[in-house]
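K.L.:
In case you want the letters, here they are:
There are 2 protein chains.
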Amino acid sequence: MSASSALLDEEVRYKGTIELLKAVEDQHGGVIINIEEPMDSYDFASMLQDSLSQWRTQGKKGVWIKLPRKYSYLVASAVEAGFKYHHAEPDYLMLVYWIPNTPNTIPANASHRISIGAFVVNNNKEVLVVQEKNGRFSGKGIWKLPTGAVDEGEDVCDAAIREVKEETGIDTEFVEILAFRERHKCFFQKSEILFICMLQPRSFNIQSQVSEIEDAKWMAIEDYVAQPFLQQNELFDFLTKVGLSKLKGKYSGFSTLLTSTSSCKSHVYINKNDSAHLLTSKHHQP
Amino acid sequence: MSASSALLDEEVRYKGTIELLKAVEDQHGGVIINIEEPMDSYDFASMLQDSLSQWRTQGKKGVWIKLPRKYSYLVASAVEAGFKYHHAEPDYLMLVYWIPNTPNTIPANASHRISIGAFVVNNNKEVLVVQEKNGRFSGKGIWKLPTGAVDEGEDVCDAAIREVKEETGIDTEFVEILAFRERHKCFFQKSEILFICMLQPRSFNIQSQVSEIEDAKWMAIEDYVAQPFLQQNELFDFLTKVGLSKLKGKYSGFSTLLTSTSSCKSHVYINKNDSAHLLTSKHHQP
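Residue numbers (the numbering used here), protein chains in the order written: chain E, 1284 to 1569; chain B, 1284 to 1569.
With the rest of the complex left out, here is chain E (with noise of 0.2 angstroms):
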């Protein structure tokens, strides 16, 4: 036996002990590694380094680890390792690193907010607004529809259910999404895009959110678009006109309808007006 394989043999045995960090493979090659109890931050590093050098053996393509943020003195070691930032939320960050020599297949991090505007109109051409104690219109006096966020994984349509909800105590059900509009860098670089949505009222006693809304009431359509901001602000303008020309059955958005994939249930939004001879007794409507 020569001198380096005797060597090599020494190398070997000594990997053969070595521990790695435990991880799950995902769907596309790649590992995931879920940090779940303290570690010691040198030990942490060596069995990264060793985990690594094993997954680049095995023809592994993009590692993730996911630290909770109460381990945020491992996150120096990674990013040692080479790792990048991928996305964080509150309590946790992401972490990952291509292996392979080929392009970066990761997918990006979500790039975009989604929120609603709810116009709400009762059957005395009266529309639902309501004056917010924070933000840009607090303190102005201007009346305005309930607008809110749609949160992760929750519908469009359910997002605007809710905020309307929540903003005025209002119960509603949904009509249709009669525009959206999109932004750039309002939030960082982040994106944003506003759907409009039309909504149907089910009930009429008006009890506003005490921590959100100062004020909420129905208001006269003439007297909501007479305001000085709307009559600034054509397109605020233009799409009230928009909601008032749909009430009168002369506009279609897009609504709802509930398809089912293999994997899961989703919500395609569509002129079902134009659309409806085209579906089968296949396609669901909710």
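Honestly, the hints are just simulated from the structure, not real lab data. Take these hints with a grain of salt, some might be off.
Unchecked claim - Partial pick of chain B residues on the chain E-facing surface, computed with a CB cut under 8 angstroms:
1) 1301
2) 1388
3) 1434
4) 1530
5) 1533
6) 1550
7) 1558
8) 1561
What the hints assert, rightly or not - No farther apart than 25 angstroms at their CA atoms in a straight line, the calculated lysine-lysine pairs in the PhoX-like style are these:
9) 1349/E x 1555/B
10) 1353/E x 1349/B
11) 1555/E x 1555/B
Claimed, not checked - Estimated spans, in silico, between C-beta atoms of each pair:
12) 1533/E x 1434/B: 33 to 39 angstroms
13) 1514/B x 1339/E: 41 to 47 angstroms
14) 1384/E x 1485/B: 32 to 38 angstroms
15) 1312/B x 1309/E: 39 to 45 angstroms
16) 1385/B x 1342/E: 34 to 40 angstroms
17) 1417/B x 1556/E: 51 to 57 angstroms
Ideal Cβ placement from N, Cα and C applies to all residues, glycine included.
Starting from the structure of chain E, add chain B where the hints point.
P.N.:
Chain B only, in chain E's frame:
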């Protein structure tokens, strides 16, 4: 002078010499710390504590730390001081701390990814289709519509044109959004909205993208819809019918209207067929 007031005096003089972290005020009563130079982690922790005390006295609300990845050794100190993660991009981590006792009004992190599917048909009633090198359709001989992710800061209509150009070399003009689909938890906890866009081709010679596309071609619509995968997927089958209906002028989706506010230009997507009569000369039609 009493002992306690002497102590106070001493304390004030000491406070006068402390060094605070450099920060700029945001528009919501908060401050943003940009760490742009290396710092000792002990100094950072100490200055952060002093800065928070001062900002608390001043009635500041949200405190943001934008921490480049190269200073990841400071993450643990910020977490120790009570900061939570807000969001991350490959090269930085944004942390946030809410000072007041009032409810936290810090905006949520981006929640959605946006993607597009492009329906492009030429005058021979052929649809532009691709075979992908990666992903769940690769190696299955399936011809599908070009799809892709909308980048941060990119308009949906521009993303559709860009993806078609990148994948197939074909120049197109945006016509309208036929429909869109929302799905949840398709990417960690994030949601996705897929916009199905109709585009009008402006060139016809295909040059498919080497890195991501196995092949691209113009395919007779009847051959496209006859593929088993499309026959089995009621949603795509239905959306194809909607696209064909649009080609016959019998369907109205959402087309774009360019509007400008005081701060920025933005696109509004709306059923323009049904709302053209509501537009005034103030509105721009691209």
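K.L.:
Of the hints stated earlier, which fail here?
P.N.:
1, 4, 9, 16, 17
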